[in-house]
Amino acid sequence: MPAAASPLHVAQLVTALKRWAAATVLACVAGSAWAHGDLHERILALSAEIAAHPDDARLYRARADLYREHGEPEPALVDLDRVAALEPGSPRLHLAYALVRADQGRWVEARAELDRQLLATPCDGQALTLRGNAEERLGAHGAAIADFTAAIAQAIADNDVDPELYCARARASAALGDEHLAEAIRGLDDGCERLGSPIALMLLAVDLETRSGAIDAALERLDRIVAASQAKDRWLARRGDLLAAAGRAGEARSAYAAALAAIAGLPEDRRGNPETQALAQRLDRSISALALGGGDHP
Amino acid sequence: MRGFRYGLRMLALAILIPSAAAETVTRGPYLQMGTSTAMTVRWRTDMPSASRVTFGTDIGTLAGSSVVEVPTTEHVVRISGLKPDSQYFYTIGNSTTALAGAGDPGYSFVTAPPVGTPSRTRIWVIGDFGTGGAGQAGVRNAYAALTATAYTDAILMLGDNAYDSGQDQEYQDHVFAMYPALLRRSVAWPTIGNHDTGQAVDPPPTIPYFRQFTLPARGESGGMASGTPKYYAFDRANIHVVCLDSMTSDRSAKGAMGTWLAADLASTTQTWIIAFWHHPAYSKGTHDSDTEMPLKEMRENMLPILEAAGVDLVLSGHSHDYERSYLLDGHYGLSRTLVEAMKVGPGDGRPQGTGAYIKTPGAHHGAVYSTVGCSGAIGGGRLDHPAMVISLGHVYGSMVLEIEGQTLVGTFLNDQGAMPDTFSIVKQAAVAAPGAGSAP
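Keeping their order, the protein sequence lines are chains D and X.
Read the first sequence against the working numbering and you will find it ends at 341, with the numbers running on by one and no gaps.
Read the second sequence against the working numbering and you will find it ends at 446, with the numbers running on by one and no gaps.
Since the hints were derived computationally from the structure, they do not count as laboratory data.
Think of the CB as a built atom: it goes at the ideal place given N, C-alpha and C, for glycine as much as any other residue.
Certain hints may be false.
As the list claims (entries may be wrong) - DMTMM-like mimics (lysine to aspartate or glutamate), calculated; alpha carbons at most 20 Å apart, straight line:
id	chain 1	residue 1	chain 2	residue 2
1	X	Lys-302	D	Glu-115
2	X	Lys-302	D	Asp-250
3	X	Lys-260	X	Glu-303
4	X	Lys-260	D	Asp-250
As the list claims (entries may be wrong) - Chain X is nowhere near these chain D residues, computed Cβ spacing over 12 Å in every case:
id	residue
5	Arg-111
6	Glu-112
7	Arg-149
8	Val-151
9	His-223
10	Ala-292
11	Pro-317
Please build the complete structure, drawing on both the sequences and the hints.
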């Protein structure tokens, strides 16, 4: 039974629909210029329309998007300036500026634009995510975590959760230092529970657990990846590497042997390809090195 | 008097019963997330009701059933416990009444063979098709004429599925009303195009694309869980297919999609790897892969991952043309940086020409890249990308893939029924070095 829609949810839904409607209106305004021809031709078509309607802010906005897609930030900014002059209240204008600034790698300016955007629309998930990215680039990890957390909450409310957000937040937490690794991993676990253990989150969690010394937790997670995978050789090899690095030689040998057995069970074309053969040779060397008390792992 | 009351009662029943049980199927049924043992059946009705699918291998005895009691107009029923490689007949309806499919062999599908089986598989590939125009209908009719009663195992939709902005009515008119017979028998696997989001790179989950397609975010159809319907994988026979999102997801190699792609490909044992998304890595048609960011980023970031995993065929749309490459490897820069050494298979790949591309398993042995963005919209462009064996503008068409065992044949079929391009890839067995991979 779905939960009754709260006023907040309704407001968020309306925001989301407005967002899409705005994009759709832009698409319609630009008409055939959107639909056909390469970017250059579409820009030319829009320029012709602008010449005929020089005060139509929506045309400049549409052309700015095309310039951005074409990798031309300067003319995009000129068009956005024109939008700002013609229609100061144009929806998500600061976000549009911020996207161009982000393309240019000018993260301070991007963040400033996003601050303005989020004053006007504090629940804008795209703006929150982009500001989180800007803060990460600027080394403001704590602020980035706050924005990614807000973006995740918004995405959950919108039923639009993406693995990318959980990864971004976990990386920001991990960048704060080892004392924040547990928090980072907890965040990834939240994402795994909500999204069905996406592999991108699982692998990042393995890395962070390894870094934090939680080897058994990392191994348990790798085992789940092995179970879900048709080809188990590379994951078992990674299991062996992890154990070898942790000084658990006997278990590492077993894992490497399991990886070799997995290779032997692969279909012939996969078993015989150069990459798999190279892996098998590396596993043999690793087993030998462990037997001699050394190690051979990446 | 009793007779009068009886008459009134009958009249009331005649009025009430039909209205109580008269929901009409207004969309579908259509099939999603098919595997060797399960299938998702979806349809829409004009009024909310429970959802029920009855199914069986004998059209006269549909002994299986699956019911979802919560009333809805958007019906989604997953049926499981099916036998691989078997034809199932089905009906859809409410909890008591079949609304469609009873006794009709057009309401049937064939489950996939067990994963890894080198069975014959036919895939229909359409891109930029959803215009609702005569060209789209012509492409559909040409495919129907070619295949006649032969079964289509899967339909790959390369994006821009419903012009102009992916709205519900556009999907209704340009997709569901255009291919009703095919969609109720064959599983459709879509990707997102720019017109499916109304050009938005951050569309809300309420857009029709996300609401009407049920896609395997959790690895339900094979492959690793992506956690999102925007990109996913599925297995069919000995083929692993990955769908990427070039429109709304992070296109960086280390982003969630790139990480998923690398892990997913490391985890498959399938003979064939096919990838598809909307924005082509190589095109000089109505879009230019040298100048447009989504195209460049997909080429620079995703192709190295795919080629390192031995991808065989990459399909895209967006340019409203047909373009098909040589067997290529390692071309991640602008078109002018292509050198002959990147053409792993420098011939035309045509069985009647210089011969099929011969490919050994493993990384960097070449892939064919094709843009099929002309299944409903057409255009021109320079059509001179040096990676291409053939580039055709102003022609409607689709691609038909036939894969059996170690051989893949791709044919471009135009709306007149002509086949101006056919290529083939043949997998040659790798020879394992003595002792390599032997378990201790």
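Q) Of the hints given before, which are not true for this structure? A) 2, 5, 6 and 11
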